[in-house]
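*Asks:* For reference, the chains in residue letters:
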Amino acid sequence: MEEERKAAAGTGSLTGEALEAEDVLAGAEPWEPIETKLVLWSFVIAIIALVIGLFVVPTSVLH
Amino acid sequence: MTERKWYTGMTTQEDWWAVWLGVGFFFLSLFNIAGIDLVGWITYPTKWVFSVPEGGKGAVGHAFYALGKKYSVTAKGFYKGLGWWSVLWTYVVFTIATCIGAAFMKWDLKRFFVGWTLIYFMTIATWFIGHHAFIAANKTNMHKYGLSFALSLGGGGSFILALIIGLIIGNFFKGFANYLSVAAKPEWYIKTAIVTLGVKLGYLPIKLAGMSQKLGKKAAELTFEMFFAGAMATIVAYMVFWPGVYIISRLIFKLPRKTAAVLGSGISICGVSAAVATGGAVKAKPVVSIMVAALVVVWAVIEMIILPGFFTHVWPKTDDPLVAAAAMGLAVKTDGADAAAGAMMDEFMRTKIEVDTNGAVKWPEGIITAGAVMTKVWIDMFIGVWAFVLAMVWVYRIERRPGERVPASEVWHRFPKFVIGYFFCWFFLLALYFGPGKAGAPEAKAFLKSVKAGAVPVEKGMRKLFFMLTFMSLGIITDFKKLKEAQFGKMVWVYFVALFLFIIPMAIIIAYLFHHGMQIPNIAEYVKPGA
Numbered sequence: 001m002e003e004e005r006k007a008a009a010g011t012g013s014l015t016g017e018a019l020e021a022e023d024v025l026a027g028a029e030p031w032e033p034i035e036t037k038l039v040l041w042s043f044v045i046a047i048i049a050l051v052i053g054l055f056v057v058p059t060s061v062l063h
Numbered sequence: 001m002t003e004r005k006w007y008t009g010m011t012t013q014e015d016w017w018a019v020w021l022g023v024g025f026f027f028l029s030l031f032n033i034a035g036i037d038l039v040g041w042i043t044y045p046t047k048w049v050f051s052v053p054e055g056g057k058g059a060v061g062h063a064f065y066a067l068g069k070k071y072s073v074t075a076k077g078f079y080k081g082l083g084w085w086s087v088l089w090t091y092v093v094f095t096i097a098t099c100i101g102a103a104f105m106k107w108d109l110k111r112f113f114v115g116w117t118l119i120y121f122m123t124i125a126t127w128f129i130g131h132h133a134f135i136a137a138n139k140t141n142m143h144k145y146g147l148s149f150a151l152s153l154g155g156g157g158s159f160i161l162a163l164i165i166g167l168i169i170g171n172f173f174k175g176f177a178n179y180l181s182v183a184a185k186p187e188w189y190i191k192t193a194i195v196t197l198g199v200k201l202g203y204l205p206i207k208l209a210g211m212s213q214k215l216g217k218k219a220a221e222l223t224f225e226m227f228f229a230g231a232m233a234t235i236v237a238y239m240v241f242w243p244g245v246y247i248i249s250r251l252i253f254k255l256p257r258k259t260a261a262v263l264g265s266g267i268s269i270c271g272v273s274a275a276v277a278t279g280g281a282v283k284a285k286p287v288v289s290i291m292v293a294a295l296v297v298v299w300a301v302i303e304m305i306i307l308p309g310f311f312t313h314v315w316p317k318t319d320d321p322l323v324a325a326a327a328m329g330l331a332v333k334t335d336g337a338d339a340a341a342g343a344m345m346d347e348f349m350r351t352k353i354e355v356d357t358n359g360a361v362k363w364p365e366g367i368i369t370a371g372a373v374m375t376k377v378w379i380d381m382f383i384g385v386w387a388f389v390l391a392m393v394w395v396y397r398i399e400r401r402p403g404e405r406v407p408a409s410e411v412w413h414r415f416p417k418f419v420i421g422y423f424f425c426w427f428f429l430l431a432l433y434f435g436p437g438k439a440g441a442p443e444a445k446a447f448l449k450s451v452k453a454g455a456v457p458v459e460k461g462m463r464k465l466f467f468m469l470t471f472m473s474l475g476i477i478t479d480f481k482k483l484k485e486a487q488f489g490k491m492v493w494v495y496f497v498a499l500f501l502f503i504i505p506m507a508i509i510i511a512y513l514f515h516h517g518m519q520i521p522n523i524a525e526y527v528k529p530g531a
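Those protein sequence lines, which keep their order, are chains H and V.
According to the working numbering, the first sequence holds residues 1 to 63 in order.
According to the working numbering, the second sequence holds residues 1 to 531 in order.
Worth double-checking, as some hints may not be accurate.
DMTMM-like cross-link-like pairs, simulated, lysine to aspartate or glutamate; straight-line CA separation at most 25 Å [claimed, not checked]: (1) V:K283 - H:E29; (2) V:K254 - H:E32; (3) V:K490 - H:E29; (4) V:K490 - H:E32; (5) V:K352 - V:D319; (6) V:K174 - V:E225.
Read the hints as simulated data drawn from the structure, not as lab findings.
Starting from the given sequences, assemble the full structure and let the hints guide the process.
*Replies:* Rendered as structure tokens:
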């Protein structure tokens, strides 16, 4: 039963049965280095896209 | 781990059935190119009132119509006669289609049929009530319905109403809700709607080509600038939004990793769709997607009520209308609420500039709305891309443990399949636009009109109906007692802090960087006085 429930969760399926009264907001795992990498890389991509965008988009504040 | 083939689930998963439904009806729509309109029967509501004022509009008898009445090239007369019967046509065709899906997925077909029927007609009734002019009209058009006050909720009112009615059933009529649960499948319905959103994206240049011809070269250039600036603004915004919300969720509110990931996508990208897509990608518990989806709907309507007035009268006013439009698209998290808020702001700003300049400046209708939709469209495209990136990170980095082998095929199995249907419809229409459609050239006008006749019922009627079904089903399966036990209130605060203290200010700054100074053409000299 537990296995089946896990499988259902794996598909991200939204069903009434899947709406378990479990606390999905507690039990935060410790912050791991991979998360630092994930957010840092996102910010780095944002900065690169911003710089490129400001130069190439004719309507940006740089023009 | 059980070895699965690449095609595993193609006939048994909701994900794939969203593709089959969306792409199937998209292909039916293409018969219009051969002069056969097979989708014009799809029903759509319009605003109505009990007693129509003289010279006004909104007769109850016209509250639902077949979209072919407006858009069909070859069968306009036939579809015009359908009126309310289009509701029944839509029921019959979609019932056959969804029951085939239910049978393949090995659901209890009899219960699905009865449940689907009840949910469908409750949804239609809600859609009808939600389009009463008191709820849906705004101050620019309420006079046409003989009203001196309206709630100005646009189509968003119907979404909220569907959610409320679903929640009432789910929380106060639990036996009934349990019976309906076989057919209350919000994930299936929303994914189907997302596939048809691909049709909307592909249809956009076809629609804008028509707008550009009307507005001339200037407007065409402006459209292109908006398209380009919107793309860059969205990339920057998304790459800032997601990690920002993730950090807020994880470090300030101490949420678990998967919950923070789903919340980050829900608040950052396209709300409900992104929450579901990311939930699938990181294998979050389904309750997380439900909670985020419910919050997205509520907050989007609150934004829809606040932001048009704020941007028009506080900042940037009419000095930078396209900054406001782009910011709207980046900040409001559902397509419906964003388009409605953009349309409302379009009306507010055009009225304001005309009054402020004593009629010396008039802006054409729809450009501000298009600006709001443009950034939203780009954001929509991130649903699939970001779900894919997160699936990669979760499979190869976060969940991988020493010694554990993660088969490459797992990435494919986690990939949200409905995204394939979404991109397929989009690129297919784009190919038609640039190929036989000759990028909107006058000689291809008839061809593009036939494509439009098929695309609109799918991208408008079918998509909105499936959104409505999603909200109704979402309410039906949502038991607040369970959500309360899961500390739903905490997530409300995460959303509030992330949206108002981070997303909206950043959206304004980024929209400003790429759109500041863009001017809408003044058409005052072409418009007859009093027009």
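*Asks:* Are the hints correct? Go through all of them and say.
*Replies:* Taking the hints in turn, this is what the structure says about them:
Restraint check for V:K283 and H:E29: the C-alpha separation of about 16 Å stays at or below 25 Å, so the hint holds. Distance check on the hinted pair: V:K254 and H:E32 sit about 13 Å apart at the alpha-carbon level, within 25 Å; holds. Restraint check for V:K490 and H:E29: the C-alpha separation of about 17 Å stays at or below 25 Å, so the hint holds. Note on V:K490 and H:E32: the hinted pairing holds, with a Cα-Cα distance of about 23 Å set against a maximum of 25 Å.
Between V:K352 and V:D319, the direct Cα distance comes to roughly 11 Å. Compliance with the 25 Å bound is thereby established for this hinted pair. This hinted pair does not check out: V:K174 and V:E225 have alpha carbons roughly 52 Å apart, beyond 25 Å.
The earlier numbered hint that this structure contradicts is number 6, and it is the only one.
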